[in-house]
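Using the hints, position chain B against chain A.
Chains A and B are the protein sequences, given in the same order. The numbering used here numbers the first residue of the first sequence as 1 and each following residue consecutively. The numbering used here numbers the first residue of the second sequence as 1 and each following residue consecutively.
A portion of the hints provided could be inaccurate.
To be verified - Derived BS3-like pairs (lysine-lysine); straight-line CA-CA distance at most 25 Å:
#1 A:312 <-> B:185
#2 B:201 <-> A:312
#3 B:201 <-> A:307
#4 B:238 <-> A:307
#5 A:312 <-> B:390
Hints are computed from structural coordinates only; laboratory data are not their basis.
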Amino acid sequence: MALLFGIILTSCDSDIDTGEFVVGSDNLSVNNRVILIDTATVEVSTINFDSLVTSGQSRILLGTYNDPIFGKVTSDSYFQLSSSSYNLQTTSSDTEGANYVFDSIRMVLLPDKYYYGDTTQVQSISIHRLLQKVKQNAENDDNFYNNSSLDYDPVSLGSTSFTSKPIRQDSVFVKLDDAFGDAFFQKLKKREIVTTEEFVEYFKGLVIRSTSANSSGVMGYQISSMLQLYYSKKVTDSKTSILKEFTIDDVSKQFNRVSLDRTGTIIKDLPGTTERLSSDLTENKSFIQSGTGLACRIDFPNIKELKYITQKGAIIDAQLIIRPVNNTYSKTYPLVDSLNIYVADQLNRLSGTLNSASGNAIYATLNKASDEFGENIGYSIPLGTFMQNEMTKQSDSRSALILTIPTISKGVERVVLGNQKNTGNKVQLKIYYISY
Amino acid sequence: MKNKITIILFLILVSFSSFSQSLSSSPYSIYGLGSLYESDFGSLPAMGSAGIALPSNRFINNLNPASLGFMYQNHFLFDVGGNAIQTSYQDVSRKESRNNVQFSHVAFAFPVTSKSGLSVALRPYSSAGFKISDYKLPIQDSNEEYTLNVTGTGGLNNFDISYGYRVGKKLALGLSTSILFGTIKDASEYLTSNSLTNIDKESTYNGARISLGGQFKVDSTFTIGVNLKSPAKINATKVQSVTTYNADLNASNTIESEVHSDIDDYYLPFEFAVGLNKQFKNNLSLSMDYEKAFWQGTDQADIYGNYLNQEKFKLGLSYRKDHNLRTYFDRIQFSTGLNYDTGYLELGNKRIENKAISIGVALPIENTYSVLNVSYSYGQRGRISSGLIKENYHKISLNLSLDGIWFVKRKFE
Numbered sequence: 001m002a003l004l005f006g007i008i009l010t011s012c013d014s015d016i017d018t019g020e021f022v023v024g025s026d027n028l029s030v031n032n033r034v035i036l037i038d039t040a041t042v043e044v045s046t047i048n049f050d051s052l053v054t055s056g057q058s059r060i061l062l063g064t065y066n067d068p069i070f071g072k073v074t075s076d077s078y079f080q081l082s083s084s085s086y087n088l089q090t091t092s093s094d095t096e097g098a099n100y101v102f103d104s105i106r107m108v109l110l111p112d113k114y115y116y117g118d119t120t121q122v123q124s125i126s127i128h129r130l131l132q133k134v135k136q137n138a139e140n141d142d143n144f145y146n147n148s149s150l151d152y153d154p155v156s157l158g159s160t161s162f163t164s165k166p167i168r169q170d171s172v173f174v175k176l177d178d179a180f181g182d183a184f185f186q187k188l189k190k191r192e193i194v195t196t197e198e199f200v201e202y203f204k205g206l207v208i209r210s211t212s213a214n215s216s217g218v219m220g221y222q223i224s225s226m227l228q229l230y231y232s233k234k235v236t237d238s239k240t241s242i243l244k245e246f247t248i249d250d251v252s253k254q255f256n257r258v259s260l261d262r263t264g265t266i267i268k269d270l271p272g273t274t275e276r277l278s279s280d281l282t283e284n285k286s287f288i289q290s291g292t293g294l295a296c297r298i299d300f301p302n303i304k305e306l307k308y309i310t311q312k313g314a315i316i317d318a319q320l321i322i323r324p325v326n327n328t329y330s331k332t333y334p335l336v337d338s339l340n341i342y343v344a345d346q347l348n349r350l351s352g353t354l355n356s357a358s359g360n361a362i363y364a365t366l367n368k369a370s371d372e373f374g375e376n377i378g379y380s381i382p383l384g385t386f387m388q389n390e391m392t393k394q395s396d397s398r399s400a401l402i403l404t405i406p407t408i409s410k411g412v413e414r415v416v417l418g419n420q421k422n423t424g425n426k427v428q429l430k431i432y433y434i435s436y
Numbered sequence: 001m002k003n004k005i006t007i008i009l010f011l012i013l014v015s016f017s018s019f020s021q022s023l024s025s026s027p028y029s030i031y032g033l034g035s036l037y038e039s040d041f042g043s044l045p046a047m048g049s050a051g052i053a054l055p056s057n058r059f060i061n062n063l064n065p066a067s068l069g070f071m072y073q074n075h076f077l078f079d080v081g082g083n084a085i086q087t088s089y090q091d092v093s094r095k096e097s098r099n100n101v102q103f104s105h106v107a108f109a110f111p112v113t114s115k116s117g118l119s120v121a122l123r124p125y126s127s128a129g130f131k132i133s134d135y136k137l138p139i140q141d142s143n144e145e146y147t148l149n150v151t152g153t154g155g156l157n158n159f160d161i162s163y164g165y166r167v168g169k170k171l172a173l174g175l176s177t178s179i180l181f182g183t184i185k186d187a188s189e190y191l192t193s194n195s196l197t198n199i200d201k202e203s204t205y206n207g208a209r210i211s212l213g214g215q216f217k218v219d220s221t222f223t224i225g226v227n228l229k230s231p232a233k234i235n236a237t238k239v240q241s242v243t244t245y246n247a248d249l250n251a252s253n254t255i256e257s258e259v260h261s262d263i264d265d266y267y268l269p270f271e272f273a274v275g276l277n278k279q280f281k282n283n284l285s286l287s288m289d290y291e292k293a294f295w296q297g298t299d300q301a302d303i304y305g306n307y308l309n310q311e312k313f314k315l316g317l318s319y320r321k322d323h324n325l326r327t328y329f330d331r332i333q334f335s336t337g338l339n340y341d342t343g344y345l346e347l348g349n350k351r352i353e354n355k356a357i358s359i360g361v362a363l364p365i366e367n368t369y370s371v372l373n374v375s376y377s378y379g380q381r382g383r384i385s386s387g388l389i390k391e392n393y394h395k396i397s398l399n400l401s402l403d404g405i406w407f408v409k410r411k412f413e
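With the rest of the complex left out, here is chain A:
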């Protein structure tokens, strides 16, 4: 008898419930439910970083164009040149330096495949000698910014106009003034310059200015672009041409000045660095432009109120889709594939990139799946963790997101994004919320 009960009571190997039967589904969602919130306010504005570091970017950025939305963009490039040796002799045994004669001097620009705008148009550049060394006056700051400039000789050493083929990478040659070249040559020939210090003292550097009158585009050139000095040895009648090259050895001594003339555009009234221009005032659009420092700022003013939707709730996932405005991009002004995301305070001070749990930066990636109206094109940003943290953090301060284009310091791409009131290309925030 006891055995019988023992078996019953101890061998409770009841069958496993596979969970296929569910009753009263309406009631199931009462306890814990998942809600989609897509009505939270998203404030979109444009900010203006007035100083982007453009030195040390290893790109000579040249060109100018009239952007139909943003205004006139111009990029000039400043740099210091140097050489490994200032000796004209090709061998140590060569003692016939006196026989060298100057032939020519030219700037060779090597395209680096970067371009933006209409590069089928003729571009014009003009090269000038710097009157100031490429050196910052400030004590602790060796950087040059997109708005930095140095004095230069208004007399051009040489200029050219060309139709670029950035993909074919045809080099651009600019013949420089012979008088300048000969004087330069004589200094070397007479051994008046033997060190880089002496060289830089004499020849502080060059600025290449973009002087196209008509709208065209902006191109990038390699940092290995060089100044070539040709000279020859007059011993016999047969001339042997010798080449001396001067290059940008120190990339921190090269920077691009990128300026934007916004006169007459809808962003003509951009405020200072610490403020923002609401997209409500700019046709429900926000503007990002590399090189000139325009960035999109996104605020979530009501995020903390989500706490009160239910007694206890958490944001389990969130996605922000911010859309480029129709007819603001084209083959000439293509969309970039991704945007950088920074976290900023109320004064646009960045605390760093928006990172995933593993510490990797999160990007806003472009969904290119196009439909008839271009409504599906948008940059999506996974914001689950950010939103949960913003909702639950104790302090009153709210963080904002700042979107920039990855080439911010070395390009001129731009994008126009819609806000919540933009009819065709509305920014959309989807928050998945669970009450528990």
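The following block gives chain B in isolation, referenced to the frame of chain A:
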């Protein structure tokens, strides 16, 4: 006799250890405190659980504490039981069977004086055993869905001490104090297209309720009984951990970890039960009970589901040869019964009803009142309709009702 005591102690130990296990599984047990558990003693399961008017003379009648007033002198009663249930679950499109073996109860009772008796019993009150896999639910305010996986285990136990006192020869009154306690564990997974949220909840319940019973012998063959159960508040607290994982961000986030909090208390309603028992020709016994539980007035929180007043109708019949007991067969009691329960849970505007028929035998052990009750019942619960399922169950109950003589207890003293 010593062996028997050893067996009894062994059974008690085993019984207690089985309490921790999930008792039954039913999709309906996701609501409230789980499915309420019918664990009746002795031959009651065979008689449709009818017996408000039955005395506690040959077995412990758990339906009415007043029955202890009619205990036989010098008898010590012990009852332990278990069930084996095969249930088939059926909805509009599927059918599935599962077997389940469960502990039912352990109890003992003894007379205190010639006019009074005391019983102590431990049995399940409710059991939550449910599982939901890959169930799609709409995300509120969207066209999207999420997937729910839930596993629930646990239930409440009922420990009660009952006392019955006989006033004169015909009337007995009883009082029972029940302590309800237990935990229900609930592990849920919520899957959206891009996130997984785990909510692990352990809810602990405890509360007490009092029952008052009465039995009146109208004549030597006719008894009426009544039992009133007080409303009660079952205090509820929970310990919960919530973690989420976001696939896009590859981020795990602990929302809360082992957080203790109060949850909505659960309320048991006022219940009453009336019943009668009539003996015919000294060998046929008819019991009829009616019970009503006023769940509608409990105003349960939404999380427990939607409740209606519950009614139960029970009918039981037993036969035992009264004299000329020549063979073992002559001493067997045969029983049968019907049980209809309107249920108290309403889902999708439909009551979850339960109906069962039962038959059983009480097989005597040695020359005492000790018997092994074997009963079989077939029942149906719920219905097939959208969002509901029907459970058809075959249940075999084994209740061992042991009868010891009073001096056995004295040995302990």
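>> With the threshold set at 25 Å, check whether the alpha-carbon distance from residue 201 of chain B to residue 312 of chain A stays at or below it.
In response: holds, 14 Å
> Would the pair residue 238 of chain B and residue 307 of chain A pass a check requiring their Cα atoms to be no farther apart than 25 Å?
Replying inline: Given that 25 Å is the threshold and the Cα spacing comes to 21 Å, the pair holds.
> Regarding the pair residue 312 of chain A and residue 185 of chain B, is the alpha-carbon distance no greater than 25 Å?
Replying inline: With a Cα-Cα distance of about 19 Å, the restraint between residue 312 of chain A and residue 185 of chain B holds, given a limit of 25 Å.
> Does residue 201 of chain B pair with residue 307 of chain A here, judged by a C-alpha cut-off of 25 Å?
Replying inline: holds, 21 Å
> Is the hinted pair residue 312 of chain A and residue 390 of chain B satisfied, with a Cα-Cα distance of at most 25 Å?
Replying inline: violated, 35 Å
Going through the hint list in order, the structure does not satisfy hint 5, though it satisfies all others.
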